[in-house]
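*Asks:* Chains as they are written, first to last, in my numbering: chain A, 1 to 484; chain B, 10001 to 11031.
In case anyone wonders, no lab produced these hints; they're calculated from the structure. Some hints could be false.
Sample of chain B residues at the chain A side, in silico, Cβ under 8 Å [to be verified]: (1) Pro10107; (2) Gln10109; (3) Val10110; (4) Asp10111; (5) Lys10619; (6) Asn10917; (7) Val10924; (8) Asn10927.
All residues carry an ideal CB built from backbone N, CA and C; glycine is no exception.
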Amino acid sequence: MDPFLDYLQNQTRRQFLGDSGLRLGGIALAGLLGQSHASAAGGPAVHPRLPGFPQHAPKAKHIIYLHMNGAPSQLDLWDYKPGLQEHYDKDLPDSIRNGQRITTMTSGQARFPVAPSLFQFAQHGKCGRWVSELLPYTSQVVDELSVIKSVSTSAINHDPACTFVMTGSEIPGKPSIGSWLSYGLGSANDDLPSFVVLTPRSAGGQALFSRMWSSGFLPTRHSGVALRAGGDPVLYIQNPPGVESSDRRAMLDALEKLNAANHRALGDPEILARTTQYEMAFRMQSSVPDLVDLSKESQATFDLYGPEAKEAGTFAHSALLARRMVERGVRVVQILHRGWDQHNNLPKDIARQCKQTDQACAGLILDLKSRGLLEDTLVIWGGEFGRTVYSQGTLTQTNYGRDHHPRCFTMWMAGAGIKGGFSFGETDDFSYNVIRDPVHLNEINATVLHLLGIDHSRFTYKFQGLDQRLTGVEERRVIQELLA
Amino acid sequence: MRALPLLPAFLLLLALPHAQAAPRKVDFNRDVRPILSDNCFACHGFDAKKREAELRLDLPEGAYAIHDGVQAFKPGDPAQSEALRRILAQDPDEVMPPPKSHKKLTPAQVDTLRRWIDEGAVYQRHWSFEPLLKPTAPAAPASVSPVDSFLRAELKAHGLLPAPEASREQLIRRVTLDLTGLPPTPAEVDAFLADGAPGAYERVVDRLLGSPRYGEHMARPWLDAARYADTHGLHLDNERSMWPYRDWVVKALNDNLSFDQFTTWQLAGDLLPNATRDQRIASGFNRCNVTTGEGGSIAEEWLFRYAVDRTETTMGVWMGLTAGCAVCHDHKFDPFTAKDFYSMYAFFNSAADPAMDGNILLTPPVLQLATPEQEKQVAALDSQISTKKSAIREALAKIEYTDPATLNPPPPVQTGETVWFEDAFPAGAKVESSGLPTAPTALVSGPEAQVHSGKASLRRQAKGVSQDFFTKGASFAIPPNGVISVWCHLDPADQPKAVMLQFHVGGWNHRAVWGEEGAIPFGRVRTPEKVSMGKLPEPGKWVQLKVPADKLGLKPGMKVDGYAFTQFDGTVHWDRLSIEHRVEPAKDVQWSWKVWSEKKQGTRVEELPPDLQTLVRGKKAAEWSPAEVTRLKDWWLENEYQGAREVVEGVRAERLALEATKKTLSEQIPSTLVMADLPQPRQAFLMTRGQYDKPGEKVSRATPAVFPPLRTQGEPTRLDLARWLLAPENPLTARVTVNRLWQQFFGTGLVKSANDFGTQGDPPSHPELLDWLAATFRESGWDTKALVRLLVTTAAYRQSAELSPELLAKDPENRLLARGPRFRLDAEVIRDNALFVSGLLNPQIGGKAVRTYQPDNIWEPVGFSGSNTARYTRDKGDSLYRRSLYTFWKRTAPPPSMATFDAPARESSCLRRDRSNTPLQALVLLNDIQHVEAARAFAQRILKEGGTTAEERVRFAWRTVLARRPTAEENGIVQEVLQKHAARYAAAPAAAAGLVAFGESKPDPTLKPEDLAPWTLVANLVLNLDETLNK
C-alpha cells in the first residue's frame, strides 16, 4: 500500500474508532480522499468489533440470556434436598444460619420454620439429574445442561441484585453484559441491532430497570434495543400513517443529496456517517417486521415452544424470536420474564411461572440444536438470587413462602462450549450455604466472556481513572470445569 | 527541504511535526506521568496495601531511594537506573511490568523515560493539584482576545492558522442555539444582518444572555450533574417532588447568581444563617440522589450508599475527582486514601432523610412552598388538630383498660347482620346507573326471574364497564369485624370479565373485584382502592361472595354512604348485600391489645406512622422498649380498641376531618425535598472494602490531605466544605467549572476528561489557557454570564466550521480549534428546535413535570405493579409542547426520545454526555409522532407564511430552520422531491388525510390535506438534515 494512504488510514482509523460514537473509519477515509461515500452494501460494518477481537478462538458466537426476574426458588426446581421432610416446621438450626443477615421482611418473624419443597423430584436423562416435577420439559434436556447449584451474590434486595447479575456490580452506572459484548464483538448483521432485549407484555411482579440492558459508561449505541411486545417491536420503526416505504425512499434520497452537498461545503465526515445511519434505519424498517413475522414457522416448531408461542409478549414467543435473531446474527438476546418473587403462596405461583417458561426453555434448546445453532449459541438461565429454606409467613402442609436468599442459587448454561449433563457445586442439607465449588456471579460472567473468545481480565474500558471490567476489580476465574 | 513546495499543501502540514526535529524538553506531567501511571503505579504507587517490593515511583523520595545498592531512577544516569533496566529486561521473571499485567511499554515510551532520567528525572506534582496562578497571555495585537492569543500560540506551534469568521447566518444560529437551546427567528437573523455597526455580534450575545430561555437551556447540563429526576429511582421508582429545585436552577442562572453563591446554596443552603426559601430549595441538590423504598432493605446499607453518592457527586462536580476507588481502598493513582474519602463522606452521612424513602412523593425533610395565606391556614389547622389530640389523650387517660384475653372465663361472643340491599336500594337513596348499553336500573322479580332471596334481584346486561349505584340519601355504619357479602349469578351464555363491589366513604375508594383485575380500570391495584378477590364465581348458579370490610380499608365506625354493583361485559344478577359481624373479645385484635400485638408483629400495618410500622414489622415484640410499647398501645387504644369508640370517636372524627382538610390543602401547596442534618451527627467510619457492615477506623470530617487545609472553628460542616471549595487556594473548583463550560460550547473540554482531573485523566490541551480562564472567572467574582460571554465572543468560537481533509487528519477532534465548533445538538435541543420552528412550542416556564408523547408500553413492561409510575398517562393539550426540560423523568425508564440521543438516565451524576449517531435516532426523527406533528405544523407555517411559489417556500423553510437561504442546488433537490410527494398524495387523498391528522393538535382546516401532506414530508426532511441536527 502507498505509505501515505497507509499513514492516513491508520491515523483516521485510530482517531475515529478510538473515540465514542459510531464513527466509521472507512467513511471518514472516503471523505478525506474526496471520494463519494461507499454504498451501504460495500461499506464498513455497522457494528464493528474492536481490533484484535475476539482475543482467542471463540466457542460461542451468540448468547441468549434467560433472566427469571424476581428470583426463582432453587429448592423447588433444582436443588433437591430429600432430607428436609424430616425438618418440616422445625426451626432452621442456628448452626446453618450462622447469624447471617436476613431481610427486614422476615427478620421480625418469631421463628424460621423449615419448609421442604412440596414438589416431587425425579432423576432424568443419561446424567440422572434430579429435577422437580415443575419442569417436565426442561428435565428432558438435562443432558444438554450444566447446572450450577452454588452461585451466590452479595445483594439481598431485587434492585441491587438485578443490577449485579446484569452488570457485574450492584451500583447503577456499569454496562450490562450485553453491552460489553456488543462493544467488544459487534455483530455481523447490518440491519438489526447487535444486542436485543425482549421485555414481557404483561406488567406484574418485581420491576425491571433499563439499566439491566444499558451501556453504562460505554458508548450509548451499545445499549440493548428493547424489542417490545406492545406497540412497535422497535421504537418508532413504523412510518407514520399515510407514509409508505416508497415515500420514505424518495425523502431519504433527497436527504442523502442534501447532506452530501453539505458535506462538500463543510467536509465533516460525521455528515456522511449520519446518512449511513438513516440507511440502516430504512433497512431496519423491513428487517424488523420480517424478524417478528412468524407466519413461515412450522406448526412443529410452535409445538416445540408450546401453545403460547404464537402470542406476542409471552416467554415462549420471545424464545422463538431469540432463535430467529440468532439465525440472523444478533450477538446477544436477553429475555426477561417477570413474577418469580414468591414471598407467599409459592407452590401455586411457582407452578404458574414454570408453566409459562419450562416448555419454551426446552423447546429453545431443542430447536437450536436441530438447526445446528446450539454449537455456537450459549444459553444461560437464572435469577438474581435464591430463596430461603424457611417459610416466610405461615407454613402449612400445602402452602409456604420463601424470602430472598443471596447465599446460594441455581443457574444453568447450555450450548457452545458447555458440558452437557453436568452438575457443579453443592449446597448444605438446607440449601442455605455453599459447601463445594462456590461460584461468584462474576465468574459466570468471566466464563461467558471466555466462551465468546474474550479474556475478561484484558477486556477493559477506561472510566473514572480505572480500567473497568465487567468482572470487577477482584480476581475472577473462568470456571474451567464447565467447559466441554 | 527544497522539494517541499512541490508537494501538495496538506502533505506539507502533515510533515511539519517531523520537521520540528529538535525534541522539546521532557515534561514530567505531560510526558512521563501518564507512562508511570498506566504501567507502574498500580503496584508501586500511592496505595500502600498494594505496594510491591516497598518501591514507590509516584514520589521522587521513593524513586531515588537506594535499596540493596540499586536505585529505581538515578537522576542523570539512565544506565544505572534499575527501573529502566527492568523495563528492558527479556527474562519474564525480571521484566516490568510483569507479563501477567498484559502491559508493555512502547519503544517511544522507553525513549521518553530515558531522556527524562537523562535530563535529571525531575518530578512535578500533578498539574491540577498545583496552585492556580493567573498566567500572562501571549503577546498579541489588541484586537486578539487573551483567550485567542493562547489558542493561536498553540495553533502556530502546530503550523496551523485559524479559520475565517463564520457567516453571520451561521454565527447567529450557533450562538442562539448555544445560549438558549432554540434557533433564531428569521426576524432576528435579518436584524443581525442589517446591523452594520461595530459590536453587532456582541449585542446579539447580550440579548441572548438576557433571555429567560438562557436559564432553561443552561440548567440542563447542571441537572445532569445534579442527577435531577422526577422519580426516586430504585425499585418502585415512585414519583418524587423535586421540581421547585429545577425551577430554582433556571432562575439562579437567569439571575446570574454568582457561582460561589450557586455552590454554597446547593451544598449548604440549609446551614446558612436565616436561610431564605431559595437557599433551602437549592440545598435539594443533595436530595437528588436515587433512593429506595424496597421492602426488606437494610437501613444501614442504604444510609451508607446515599452518603457515598453525595460524596462522589460533590467531588465529581466541583473537584473533577473520581472518588470511586477510594470507597474500597486507597486510590492507586491519585493521592487519596480511603481515609480521605470517608473523611469527606463524614460531611454527608448525618443527613436527616431516612434510609427508606417510603415510596412517597415527599420523603422528609421537605419544604412547603406555601403562600402567606396558605401558611396561615396551615397554622390554624395545626392548632386545631393539636387541640383535638389533647382531647383524645385526656379521654384515653380515663379508660381503665382490662385486656379481655386475660379474663377467665372470656367475655361472651356477639354476632349480627345488617342488610344493605334486599329487593331494593335503601329508602331515600338516589339510584343511578352508567355504562353501555344505556339502561335504567332493573329490579327483576316473578317466577321467570333469577332471584336468590326475597322477591327481587338486580339484573344488568353490559358491554364494557357498567354499573348500578347510589351515593346520596342513605348511609350504613361499618361494624367491628364486618364481613360484607353479596349473592351473585352470572349468565353462563353471557359471562362478564369481572364483577366488582364499590363502596363510597367521602369518595369511591374501596373496591373488591372478582375476575380480571385490569378489566375495570378504577382504583390502584393492591391497595384498598382495588382488592383482587380471585376468580369469577361459577356461572349458572347463585354464589355468595364475601369480603372482610377491613380488607377494603373500611374501618369500624366509618359511614358508607354509597355502593355500586359493577361489571365488565356479561349478564349479572345481584341479590342481598349485607354485612355480618362477629366479635369474640378475647381473640379480637380490636378488643385485646395482647392479641393485636401478637398478630400484627412481623407484618406490615399500613395505618401506623412509618417509624412504628418499621418497628412492628422488623422487631420482635419482646424487643420493643417500654417507650415504644406505650406509643404503640396509645395508638391502638385510639384507633383500634372498640371499647374506646364511645368516648373517643366523636373527637377522633373531628381530628380526622381536620387532617383531611390539611392534607387537601397541603396537596395544593408545592413542596420540594431539601437537605438537613440530624441534630446529633452519626459517627463515621472507614468502611473496610467499601462494605456498609464492615466499619473500621473512626474518622472525622476533613478534606483530603493533599489539598490546602479546611479552615474552620469547631466541628466542620457542609458550609465549611463549600467555602473550602471556593477558597482562593483551592486549585480545582475554578478549573473544573470553566472546563465544563468550555466543553459545553466547544464540544470537548480543555481537559477532555471533564469528570477526571486526577492523574488518570487527560492532561489539558492548553494548560495556561485553562488557568487563565479559571483565574479570570474567580477574579470576576464567579460571574458565570461574564465567562459565557467571554467564551462565545472569542474569535475561536466565531470561526467557520469548514473542515479540510488535511485539518481533519491533523486535528479530528478539533482540540486546537483551527475551525469553529460544530457537533450534534443535545436531545432536548433537537426536540425543542422542532417544536419551536413549527410554532407548537408552549413557552411556559417552570412547574410540575409534564407527560408528553411517549410510545405505549415504555413504563408498563418494566414498572412494579404497585408503583405509581407503572402506567403512563400522557397529558393533553398545551402540556405536550413544553420544552424538554419539563418532560417527566422516570429514572428506570427515561423518555425514549431523549435517551436515544444520549440523555443520561439521571441515576448518577453525569458531567459529560456521549454524542452517538445511530439508526434509532433516525427512526425517532422520522417517525415519532411529536416530530411528525411538528413537521405538519411547520408545513402549515410554510404554506401560510412562506410565500406562494415552491421556491419561496423552500427558502422560508431554510431560513426558519437553518437561518440561511438555500443554494439553488438545494432548492432544486427539495422541489424535485416535493413534486414526487405532491403527485403521490394527489392520487391518495386518504393517505394525505392520515398523515396530516397524526398528532393531537388539529391540522389547519383551511388547508387541503393533499396540499399539506407533501409539505409535511418536506418539513420532516428539513428537520432531519444533518445541518439541522448540528449547531
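*Asks:* Each hint should be assessed against the structure and marked as holding or not.
*Replies:* Against the structure, the hints:
no., hint, result
1, Pro10107, "violated, 17 Å"
2, Gln10109, "violated, 17 Å"
3, Val10110, "violated, 21 Å"
4, Asp10111, "violated, 20 Å"
5, Lys10619, "holds, 6 Å"
6, Asn10917, "holds, 5 Å"
7, Val10924, "holds, 5 Å"
8, Asn10927, "holds, 4 Å"
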